Amino acid sequence: MGGAAAPAWKAAERPPRHRPSALLWLAAGAVLLPALVPFGMVLGRSLAAGGRALGIILSGRTAQLVGNTMLLVIAVSSAAAAVGIGAAWLTERTDLPGRRGWRVVAALPLVIPSYVIALGIVSAGGPAGIAREIIGIPLPAMRGFVGAWLALTISTYPFVYLTVAASLRRLDPSHEEAARGLGAAPARVFRTVVLPQLRPAAGAGVLLAALYTLSDFGAVALMRFDAFTRVVYVQYAGRLDRTPAAVLATLLVLLALMVLLAEQRTRGRAAYHSASSPRPPRLVALRRRHRAGALAALSLLATAALVLPVGTLIAWVARGGTAGAGARLEWGAALGSLTGALLAAALAASASLPAAVLVTRHSSAATSWIERIAYAVFALPHITVALGMVMFAARYLGSLYQSLLLLVLVYASIFFAPALGSTRAALARVDPSLEEASRGLGLGPLRTAAGVTFPLIRRGFAAGGLLVFLLTMKELPATLLLRPTGFDTLAVRLWSASTDLLYARAALPALVLVAVSAVPMYLLATRERP
Amino acid sequence: MLMLVPRLLVGLLAFTLLGAGCGSGDADLTIYSGRSEELVGGLIARFTRETGIRVAVRYGDSPELAATIREEGARSPADVFFAQDPASLGIVAGSGLLRPLPDSITSLVPARFSDGQGRWVGVSGRARVVVYDPRRVGPATLPDDVAGFADPRWAGRVAIAPANGSFVAFVAAMILTDGEEAARAWLEALARAGAPTYSGNAVIVAAVDGGEVDAGLVNHYYLLRRAAELGSVHAANHFLSEGPGALVMPAGAGILATTDAPEAAEQFVAFLLSAESQRYFASETLEYPLVAGIEAEPALPPLGSLNPPDLDLSDLAGALDLATDLIASAGLL
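Each protein sequence line maps, in turn, to chains A and B.
Note that our numbering has the first sequence beginning at 1, numbered continuously upward.
Note that our numbering has the second sequence beginning at 531, numbered continuously upward.
Extracted from the complex, chain B is given alone in its bound form (with noise of 0.2 Å):
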């Protein structure tokens, strides 16, 4: 029995060392997806089935995965970012690795949701909206604008998650908004006031759902995920009327400028815009379609309806770092 580890293991490293040579060499597009697989495996398998391109994915978190098409520069072996935030394609688009798209492309979505240079393009659109617990907390009382939650009685009661890319993302759409200082006075006051601090928007949601705390700032579609798996739950959605918190946050694609198959890249990207991925983007990943004409999931506010702050979403790559700072020098980090 003894004998036999050592001879496994031999058989293992030649496996490895066989296997390295080849990679994956036999996909003819390699997409990096900051989007896990569990959201998108789907939809990537239907497109090899009707287009024929194989697709080697490597899936991780967004901002991870654009560290690492940075820290990759000319060598990155992706050909398509696929990316949950528009500031994990603004940090990959301003390091001037991604290519202008076709105007084929870009015309299909609203420019709002989209880079201002045609860098990247918005696939599907993310709210930002307060969860709330209905059994704690008033329809009526809460704020329109996300400034509100300053004020003295919504002390300690509005739960956010400052390492997570989304808030950060807000809080830099504030810093383009309302100036630096309203961004650093709205977080100190936050601090200050003790707002309970989670890792992520779903661990809010499921916090406020459970009773632990009266509302948080989150995206608006893991509510409507965690209903979807346990049937039924007690906490809504409040989407906010003006200002950075009504920010609609899309996720989106690029392609690499050193990419060696950009036709088979912009059929994906093309392919991501089509009518059939846009209503799977309503209904499996329940969130807003960007092109005209298909509808979001009915239990939501139409898009069209939801006030989101004018601004270039590629800025808000630029914002992060001031962001991160602010957030950081708050004693919320």
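Only chain A is shown next, with the shape it has when bound in the complex (with noise of 0.2 Å):
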């Protein structure tokens, strides 16, 4: 049925649908490509692999791998979605003393590398922790499911605590005032009113931190966790032979459409339009017993999530300097992030745009398709996409290869998820009858984008930018890989001093890493009610 031939009656009842454009595709989809050629690549030397691949996948460690790796999945993404959630509503709906504070606090951990995280857990526990100098009391050391567990929580519930709170803020509180008119408790009115109303943000943070969780290193191999990505990285390390690691590889994409496929199963159908943005909601008064029991847990996450991480790289910079390893500041190294960062943010971003408007106002099961692969490409290796990439690149991009414009284009595609998943959720609130409206009035498709649909989903796609920037600024084995030469960033020169245990001259570089994340993310986190 063409629209043009359709009759006047029945476009009248139900809104036009345009067929998206070829050019939105284009550029929904060129972005995704620095990944999966490179992971086509892999594909490729799996499947010549044949029966030796069928071997490896059937193989009694891949089968405890694969529980090992979902075990953690699910135990991360739970807690992330319940300290996520809490911290989110304490901040935004609550009476909680310092609420401008804590929001920053809950957000923060975005900004410090998981493997540092780590370091701070495993410095803290253990007869040589910092648990016993400062309490007196050792706590156990920490290793393993329960250490790789509590530091990818932490470095992931941000991306819950960011979605929710933000969502949080933009739902219209008379829903949760009217219920609570009518005599409902504070708890019952969150669970029956609240958390109904957040499952898209909610879900599209715990997804994140599930992906994320599948594709970590740093934080995986400090606890020593067999998680896939650590042998994948053990496959290409020490072997001559390739299939192995490019079999697990594969085998780690299956797993996060799994995870895809679990998250849109129950999505459901909901939508929650709200054209304008709704007032101020009155703050539910926490009992003193709950205010104080709520300050101690937010202090807790404090200590384990920044204090630690940060104290221990302030306690080795102090080191460094009494032993004299000369700790410098590393400008040129920070350029180099930043420049790198921007660029993949502002890339990833602007890319977001088609993207969000393919999948929410042309929703269908070709572009359904191009959100599930954006989100496993997230969870690739980044070992993975990066020698595919030297591979293909080495070959056929000729002085592309090794510059910074490919490491951009590499950073923008294994982040695209969180930028589109920030301008998708912005999208989905703005009710397409203000579109409508706009098109009927007689303004063009880009006008009406420009004019009526950007502004009102400006907020989403900054905070998908500087999503790609934190995550950009923490990268460590895409850039080692296909950086330009002599090309530096922080978390190279954390890296290289930290393989050779140089634990002051490390410090700094991570120190400054910290500090540099922190200033958008403190914008991000504070920023005024709209």
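One or more hints might be untrue.
Negatives, chain A to chain B, calculated, CB over 10 Å [unchecked claim]: (1) W25; (2) L47; (3) L58; (4) L182; (5) D226; (6) T250; (7) P281; (8) L300; (9) G311; (10) D431; (11) L480.
Each pair of labels, with its calculated beta carbon distance range [claimed, not checked]: (12) A/S78 - B/P682: 56 to 62 Å; (13) A/S59 - B/E806: 32 to 38 Å; (14) A/L300 - B/S813: 44 to 50 Å; (15) A/R100 - B/P682: 55 to 61 Å; (16) A/D241 - B/G686: 30 to 36 Å; (17) A/P196 - B/P682: 43 to 49 Å; (18) A/L300 - B/P664: 48 to 54 Å.
No lab work stands behind these hints: they were computed from the structure.
All values derive from a computational prediction rather than experimental measurement.
Backbone N, C-alpha and C fix where the C-beta goes; we use that ideal spot for every residue, glycine too.
Reconstruct the complex from the two isolated chains, following the hints.
Written as structure tokens, this is what we have:
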């Protein structure tokens, strides 16, 4: 049924559905190519191995790895969901003292690399741990599953916190107030009124947490937990034969797709539009007992997530100063980090606009695959993408190989999912009837997008770009393999010093990395209500 | 303020696009270094000062750089591969990507520390040792051969870094000297006894020194570097007197078959073997110099007194896959 041939009354009854233009598809798909092409090379290598690949997949060792990894993903995402939603509700909807400060504190762990968080946890426990020095009682040494779970929960709950807090700020408080007016207790209001409306935002955050856990290497390596990525690294490092690493990476993508399908199954079809900004909500007054409990919980979180890792770094810098290891500031590396991260953020955020339009306004089986692929790419071990890209670029891309441009394209590709998720969520809240009204008044699609839609989604768009910026600042494996020769970033300096146990020298770039990332994070967390 | 951001980004993008065409084109020699800038950056700067040869260095992990060179194949921009371990060099040599070095270079270093076919040369030596805590382990109770650690009285007391390149290379050496079955049995004994596993040598040394574990299998210089950084340490090194545990693994260098600067590359490798550089390795990285006449750090037993197993180090690369499989099937990876 062609749109033009449709009778006028039918068009009035149902909003007209324009076919997405090929240009939109091209713009949305192109950004994913720098990750998909390398993965294609890896997939090709797995398929070429044929029966041997099947043998690796069916081995008991692989089954054990899948079990370990899925257990970690489930445990981390559940904990991240609980911590993220809880912290968001406390800081957005209650009269907790110091709410503004807690908002920054709750979001800030996102700027700290997972291996630095893991390092903080490791140095706290055990017979020689910081806990023993300070409180006199040694905490158990946290390694293996528990350590990895703790470190990754801290690294990933801000994904949930940020999306849920933003969503709470957007939520029309009149529903909650009506429920409370009818006599429902705060807990019941939260469970039956607020939580269902948070479902899309929380789902997006938890999905990022789960997939980040799949792709993480730093924390699981330090905690000595056998997750997929660690074994993929080991296979690359210790082998002439590249097939097992390729097969395991392929399998990891299948796991990521399973996680995605599971999330989509539980997502449902609820949609909440709200055309205008809601007025500020009336805050829930916490009882004194609850307030003390909430403050204690947030303080504990801040200790594990911020005080421990940053304190460990500062202790090393101080120790290096006395041992005369000569700490020096790395301006070139800081500039390198900033350049790469800013460009990646700008590129990923810009590309998220056409993709988000496709996914929300032209929703179909085909467009939902753009989203799935973006998220699956987010879960790929970066070393797999990087080595696949080395293989492709050295052969076919000439002087683009080892250029900053290619590195930025790869960054934008592997971190596209958070940008898309954020822009998509913002776009989904925009009532399409506003756009239709604009079109009906004779404005073209581009002018409608620029004049009507974009101003409404600007914040979601910027938040997505910021997530990409923070993730790129921390990125290491792809940077090491694909950067221009001589191009340094703070993460590279940190790695370079810590491989030789020059902790004092590693700590300074790590602190600069945290400080530089903390500025935009602070702006995002304290931004005034719309 | 907000209007500035897009302009700034356009500027950055233009800068990037302009930069993309140049790359590292203004250097005479490109080195892929598996040794970190902290360790060898000063040495390479000295090379440029002395020869006027402009160098671009790409730092990374040796195994990852070896994997990179293999993926790049004939298009590799690298001229020299300067690696931390013989296995990474063996992998690149085994893929036919290194060219033979001249005798004037290979003759400087004892044959047992270089490739049998002269495709790479050892530059500095690193001995495998047992690091132990003298407060909890009597030096006299330590075995002479690493096989002794399979004994039940060591159950759960000896830390290993199963994913670390040096450990995998050591297991490969065990396969070559004692055979596959012996290596498998040894690894399984360790796994059954619950040997604590760590991510790397430095972490093991810190754990032993901190009293977290009794002993660990590592390379010799980690303890020396820790002592230099902290001022003093509790732990001590024990040099095994026989078997694969007495392995001395060189860091080494080779020249890419596809180099477009063979002369500068040879000059660089020769520079690494000069008396000046060898003394640098002895005093700065605390490794064994491999060129005759240069003394190691006085606190170390002399290189001549060590008894490494007799094998061609390039063969290690061939046994790596099996070593990784054995470590994995023992449940240690």
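Taking C-beta pairs only, is A/L58 more than 10 Å away from all of chain B? 15 Å, holds
Whether A/P281 stays farther than 10 Å from all C-beta atoms of chain B, as the label says: It holds; A/P281 is separated from chain B by about 28 Å at its closest Cβ, greater than 10 Å.
10 Å Cβ clearance of A/T250 from chain B: 17 Å, holds
Status of the given 55 to 61 Å range, CB of B/P682 versus CB of A/R100: Since A/R100 and B/P682 have Cβ atoms about 60 Å apart, the given range 55 to 61 Å holds.
When you look at the beta carbon of A/L480, is every beta carbon of chain B farther off than 10 Å? Contrary to the label, A/L480 does not stay out of reach of chain B, its closest Cβ about 5 Å off (not over 10 Å).
Is the Cβ of A/G311 farther than 10 Å from every Cβ of chain B? 18 Å, holds
Non-interface label on A/D431, tested against every C-beta of chain B at 10 Å: 25 Å, holds
Just tell me: holds or violated, for the beta carbon distance of A/S59 and B/E806 against 32 to 38 Å? 51 Å Cβ-Cβ, so the 32 to 38 Å window is violated.
At the C-beta level, are A/P196 and B/P682 separated by a distance inside 43 to 49 Å? 59 Å, violated
Was A/L47 rightly flagged as not at the interface, with every chain B Cβ beyond 10 Å? 18 Å, holds
A/W25: least C-beta distance to chain B exceeds 10 Å? Check passes; 24 Å lies beyond 10 Å.
Assuming the hint says 48 to 54 Å, is it satisfied by the Cβ distance from A/L300 to B/P664 or not? 39 Å, violated
Hint violations for this structure: numbers 5, 11, 12, 13, 17 and 18, all remaining hints satisfied.
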